[in-house]
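> Kindly generate the complete structure, drawing on both the sequences and the hints.
So the chains spell out like this:
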Amino acid sequence: MAIDTPVKATAHQASPGPSAASSRPRRRVPFSKLWVKIVVTLLLVVEIYPLVWMFLTSLKSNSDYLNHSTWSLPTTWEWGNYAEAWTTGHIGLYVRNSLLAVVPALALILLLGAAAGFALQVMVWKGRNLTLLIFLAGMMVPPQMILLPLFTVYFQTGLSGTLWPLILTYTGTGLPLTVFMMATYYKSVPRELFEAATIDGAGILRSFWTISVPMVRNALLTVGLVEFFFIWNDLLIALTFTNSQDLRTVQVGLLNFTGDFGATQYGPLFAAICLNVFGTLLIYLFLNQKVMKGLTSGALKG
Amino acid sequence: MHRVLGDRRAIAILLGPALLVYSLIMLVPMVWSLGYSFTKGNSIDGFTGNGFANFSRLLDDPAVRHALWFTLKYAVVVTAGQVVAGYLLALLYVFFLKRASALVRTLVFFPVVLPTVAVGLLFQKFFQVAPQTGPVNSLLNAVGIDSIDFFGSSSSAFWVLIVMDIWRSMGFYAVLLFAGLVDIPEEVLESARLDGATGLRLVRHIVLPLSLPVLMSSLIFSINGTLKAFDSIVALTNGGPGNSTTPLTLYMFQTSFTYGDYGYGSTIAVLLTVVCLLVSLVVFRVSRRDLTEG
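Chains A and B are the protein sequences, given in the same order. Using UniProt numbering, the first residue of the first sequence is number 1, and each one after it goes up by one. Using UniProt numbering, the first residue of the second sequence is number 1, and each one after it goes up by one.
It should be emphasised that the hints constitute simulated quantities derived from the structure, not laboratory data. Keep in mind that a hint or two might mislead.
Unchecked claim - Result set (DSS-like, lysine-lysine): computed pairs, CA atoms no more than 27 Å apart in a straight line:
hint : chain 1 : residue 1 : chain 2 : residue 2
1    : A       : K37       : B       : K98
2    : A       : K187      : A       : K293
3    : A       : K126      : A       : K187
4    : B       : K98       : A       : K290
5    : A       : K187      : A       : K290
6    : A       : K293      : B       : K98
7    : B       : K98       : A       : K33
Following this line, the structure appears as structure tokens:
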């Protein structure tokens, strides 16, 4: 469903009603503009101010935070809080771990998901609807249902001390939505295209890779963004499978943020939260239309 | 021609890896968890079978009853809040902001992509009373109300959770429902207006029935997500004070990993799964009936 379809223009064809209707301008509801402005302003303050407050607080020193009003600007702008959070607070290490887990998982999800979506939508065989349903079932079941057996297996195979449990689990849990969304996207690619390619001598595997993948490039980006946010923001799986500090992802690290500080240092803590937020903010800044479209279409199909 | 698109070897190569990973990571562990629920122990000490003991314990456990109640209460309130707030926003976008709504939509959507843990910590500090008076409490002080220890009582902690989740996701539901509202043909609205339907009556009799399908999918999506809520609750209250804001998801996690009781943990996971499936089924059936009647 298109998110940014503009509101359809009023069609003023034959208006059978009283003539007042046709002279009325497009402003249909006689609410005052001021009322709308106040609501929108309030809305934006409520949505944005917490983030501004968090950013300002991240630049305060500990005593500044504890002794001055929460509304005040920092007395000294402690940019060093960010360096502290990154090194002493280990956020640098956590970001590296997150990237090392998320990037391979994302690549696997997209590759396997696109191939499976192709096999389920473009290829013709008995039982493909049933297989799609089996994938769908995975979206309903809470992840708590799979954690314990996986933990046992990872523990017994010695994978526990690595990032592999995260990569594998993220791939498995990310596949249902990806397969489903890719299958939906392949619906709009006509089968004849692949049949024609075969006449030209391309094997079906080759036409999957050289014809279909470039055609659904956009869809791959959208699905990739959706899965990225799911995996990057995940806490439950990361909390379960990271048993040492060296393996913590950003979310787990942030939850246990004390670093080597001893007592809580508020400036670096807020700096750490900001660093975590700014990563996603940056992506959203450039790709917000895609993100909005992807996340909502995932919901409508689910 | 179907021979090419029905090539079994190609299907196996394309579908095989995904199906294998999915089966090993999701399908097999689901069945395995069900098996665990008849045992006692954990992966370090080993497992011993104990029949239906976990299930009878489940029935008698006041903590489970509380967690189940909290899960349902939280899911219903958050779902209602998210969808209603989202719907109001969508109406605002479509009928008042019109073309100017793109920027507002984008800004209000933004918190959806923020890491839940970061949002949880942010709200914790935003509503805190000590060591520093947070913005909410200092606002209360400014109008002459004493600071409230939001995380000290279960009911206020519950409401902070609700506020946070609605804050986080209303922009998402607004965009979702906006898509449904935009699809309503302008001619239908225009002719309803000519018949004298304006404001609330227009919404109730024309807009609401026509946007029912997308409203129902939002509802299903929302309830399905809120029943499984974990991250936001762990980050904001960690189930406290006491265990008063502990949903089944968190109780399962604590039972398994804090107390090392995988058997009972699996039993709670089974209960959670059953609850999720039942609720989805009920919502789905109700929405089906409404759609065919409406």
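> Hints numbered earlier in the text: which of these fail when held up against the supplied structure?
Nothing - there is no hint that the structure violates, so all of them hold.
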